[in-house]
Amino acid sequence: MRSRTYKTDVAQLVALSDHRAPWLWAAAALALLALAPLVLGAFGLNLLITIFVLSIGVLGLNLLSGVAGQISLGHAGFLLIGAYAQAILTTDYKLPGLLALLLAGAVAALASLVVGVPSLRLKGLYLAITTLAFTFIVRHVVLFAEGLTRGSNGMPVEALSVAGFSFKGDQRFYYAALVMLVLAVLATLNLMRTRIGRAWLAVRDHDIAARAMGIDLMRTKLLAFMVSAFYTGVAGALVAAQTRFINVDTFSVLVSIEALAMVIVGGMGRVHGAILGTALIVLLPETLNLAFGAAGDGVKTLMADRIYEVKGLMYGVVILLFLRLEPEGLAGIWRKVKRFWVQWPLSQ
Amino acid sequence: MDYFVNLVTSGLVIGALYGLVAMGFAIVYRATGMVNFAQGEVMMLIAYAAYSLSTIPGLPFWLLLPLVLAASVGLGLVIERLFIRPMLGEPMFSRVMVTIGLAVVIRSSVLLIWGVEPTAFPRPLGSEPLRLAGIALYPGQIFALVSLALLCVLMALFFSRSRIGIAMRATSDNETTALLMGIDVKRISGIAWALSAVFAAFAGLSFCLMFSLEPEISQMGLRGFPATILGGLDSVVGGAFGGLVIGVAENLAGGYLGRGLKEIAGFVLIVVVLMVKPYGLFGQREIERV
Chain Z
314 MRSRTYKTDV AQLVALSDHR APWLWAAAAL ALLALAPLVL GAFGLNLLIT
364 IFVLSIGVLG LNLLSGVAGQ ISLGHAGFLL IGAYAQAILT TDYKLPGLLA
414 LLLAGAVAAL ASLVVGVPSL RLKGLYLAIT TLAFTFIVRH VVLFAEGLTR
464 GSNGMPVEAL SVAGFSFKGD QRFYYAALVM LVLAVLATLN LMRTRIGRAW
514 LAVRDHDIAA RAMGIDLMRT KLLAFMVSAF YTGVAGALVA AQTRFINVDT
564 FSVLVSIEAL AMVIVGGMGR VHGAILGTAL IVLLPETLNL AFGAAGDGVK
614 TLMADRIYEV KGLMYGVVIL LFLRLEPEGL AGIWRKVKRF WVQWPLSQ
Chain Y
28 MDYFVNLVTS GLVIGALYGL VAMGFAIVYR ATGMVNFAQG EVMMLIAYAA
78 YSLSTIPGLP FWLLLPLVLA ASVGLGLVIE RLFIRPMLGE PMFSRVMVTI
128 GLAVVIRSSV LLIWGVEPTA FPRPLGSEPL RLAGIALYPG QIFALVSLAL
178 LCVLMALFFS RSRIGIAMRA TSDNETTALL MGIDVKRISG IAWALSAVFA
228 AFAGLSFCLM FSLEPEISQM GLRGFPATIL GGLDSVVGGA FGGLVIGVAE
278 NLAGGYLGRG LKEIAGFVLI VVVLMVKPYG LFGQREIERV
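Just so you know, the protein sequences line up as chains Z and Y, in that order. Under this note's numbering, the residue at position 261 of the first sequence is numbered 574, and the numbers go up by one with no gaps. Under this note's numbering, the residue at position 89 of the second sequence is numbered 116, and the numbers go up by one with no gaps.
For the record, the hints were derived by calculation from the structure and aren't laboratory data. All C-beta atoms, glycine included, are put in the ideal place defined by N, C-alpha and C. Heads up, some of the hints might be wrong.
[To be verified] Computed Cβ-Cβ distance ranges for the label pairs, DEER-style:
1. Z/558 to Y/284: 25 to 33 Å
2. Y/140 to Z/514: 40 to 48 Å
3. Z/639 to Y/204: 30 to 38 Å
4. Y/28 to Z/525: 55 to 63 Å
[Stated by the list, open to error] Covered, in the sense of this in silico footprint (three residues per stretch, anywhere, with C-beta under 8 Å from a C-beta of chain Y), are these stretches of chain Z:
5. 478-487
6. 570-583
7. 635-644
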């Protein structure tokens with residue numbers, strides 16, 4: 314049985330992990346994921362890509378909502394901005410994919426100031442509604458700036474390429490998405506143990522108290538919005554690069570709610586929670602499809618015809634169940650299971 | 028000039044609809060301090076249920092209205108009891124997320140049960156426009172305006188005269204003190220949800236009488252937010268005023284500045300208003316102790 318760890322200096326306190334085991338497990342998981350394309354078909358591969366790409370965006374939303382405590386119903390707007398930035402930069406301006414990816418994130422981060430600035434004066438619900446307004450405004454701008462975005466026709470997107478190497482095809486894009494996700498996870502983990510990350514936590518717990526402790530509220534909140542929007546913008550750009558064609562309907566308001574469901578299901582403010590939550594929400598419709606596929610043709614046609622409603626119903630039920638029964642989300646379940654095994658003969 | 032008058036009139040009518048939605052938001056906010064993101068979906072459910080009731084042969088409209096209102100009171104109480112009350116004492120984020128989850132569940136279930144195709148709603152008040160001083164108003168539009176005016180007066184009286192109304196104000200002011208004064212805070216929250224469902228019923232019926240029964244109706248919840256914010260989340264009568272202002276502003280923006288702007292004029296307006304007055308026009312500033 315593992316005994317208690319004692320931390321004797323600051324470096325140990327803020328270390329990513331105080332044991333070697335998590336690194337080994339992470340390496341093992343990565344190796345497994347790296348081998349996945351050899352086993353999985355196109356369908357499974359695409360599901361994994363979707364999970365990776367959306368996880369990046371959910372990590373961003375998690376930083377804002379879970380870590381810094383600012384509710385956002387506007388992340389569909391940032392995804393939309395990121396996706397269109399990627400489309401315009403690669404298709405119309407022929408920029409290389411990786412550069413466009415970073416620029417897409419930066420454009421979204423800049424746009425986030427539009428919601429970030431009101432957030433300095435607004436709290437809680439007023440802020441949530443302003444972010445919702447932001448989604449509508451972004452949709453409108455994209456639909457009516459036809460010279461730039463081709464309006465409601467949508468836009469084709471060039472495949473991702475780095476230094477002449479094109480990530481066309483599922484297998485190549487899979488590795489690109491995996492690398493981006495690993496980078497995003499590492500960036501998030503490191504961000505959360507810096508002064509900024511701890512300031513976000515303080516702002517979440519009580520912003521006026523945080524200010525009294527010497528935290529610059531304006532800088533901290535704006536930074537939370539910008540960083541979160543950057544992640545989401547990059548995720549949007551990756552979605553665009555994955556589907557190769559986008560229009561405004563790809564990112565409806567339901568997407569913002571789906572993203573919030575992922576954060577809640579995973580567990581607020583937890584990095585592994587964000588990925589677990591995304592995986593669960595993405596895989597849920599597929600699992601139900603399989604489960605009910607056996608139930609007969611009636612259910613099958615219902616799933617095919619009304620997939621949008623069935624999905625919505627599922628997200629809602631999952632949100633309600635997790636909020637009522639397990640507010641800490643999958644990360645909480647993970648922690649309990651782990652504790653059970655670690656303390657096994659003595660666990661209660 | 029005629030164009031302007033027409034824009035303002037139809038703006039007021041749409042505004043009355045926003046106002047009814049906003050009053051529903053405000054009354055829940057007043058009693059429980061949370062925003063009910065499912066207001067539009069409750070409205071949708073009631074409207075579809077009203078449609079099913081109206082297909083019963085031989086049921087007169089004067090009987091339909093009380094039936095729908097009774098059903099919506101029941102719905103409000105059930106939602107409060109099943110979903111809202113168990114979350115008492117949880118962080119605000121979770122409580123608001125419950126209403127968002129509820130919204131998605133209701134919308135999807137309604138679409139699964141009744142389908143997505145728009146259906147014509149019966150016109151029990153007739154479909155001939157009424158002419159008043161050169162302005163033509165359809166019965167559905169009059170229904171919306173009259174219900175808004177009526178409910179405004181009733182609410183003003185309710186909050187200043189009735190025991191429950193005053194208890195509700197006390198609860199929103201300070202829950203613990205209200206509890207100490209012998210107010211049943213849980214009952215107040217139930218009443219607030221029932222009342223907000225009644226507002227949803229009036230808004231839903233107005234929508235159906237003006238347009239038709241369509242899934243778009245749940246969007247009215249989102250579109251009513253600017254009105255709520257403009258009036259201040261905690262001011263019920265302010266919400267009605269906010270609705271009228273937003274309705275007229277949207278119509279004028281759509282009529283003079285371009286069609287697409289109609290959809291977002293309200294949202295742009297509130298972002299600007301909130302920058303200047305963070306608690307809306309009639310909202311109370313919250314002062315917090317650290």
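Taking the hints in turn, this is what the structure says about them:
1. Z/558 to Y/284: 25 to 33 Å: holds (32 Å)
2. Y/140 to Z/514: 40 to 48 Å: holds (44 Å)
3. Z/639 to Y/204: 30 to 38 Å: holds (34 Å)
4. Y/28 to Z/525: 55 to 63 Å: Hint holds: Cβ distance 57 Å, inside 55 to 63 Å.
5. 478-487: violated (count 0)
6. 570-583: holds (count 5)
7. 635-644: holds (count 3)
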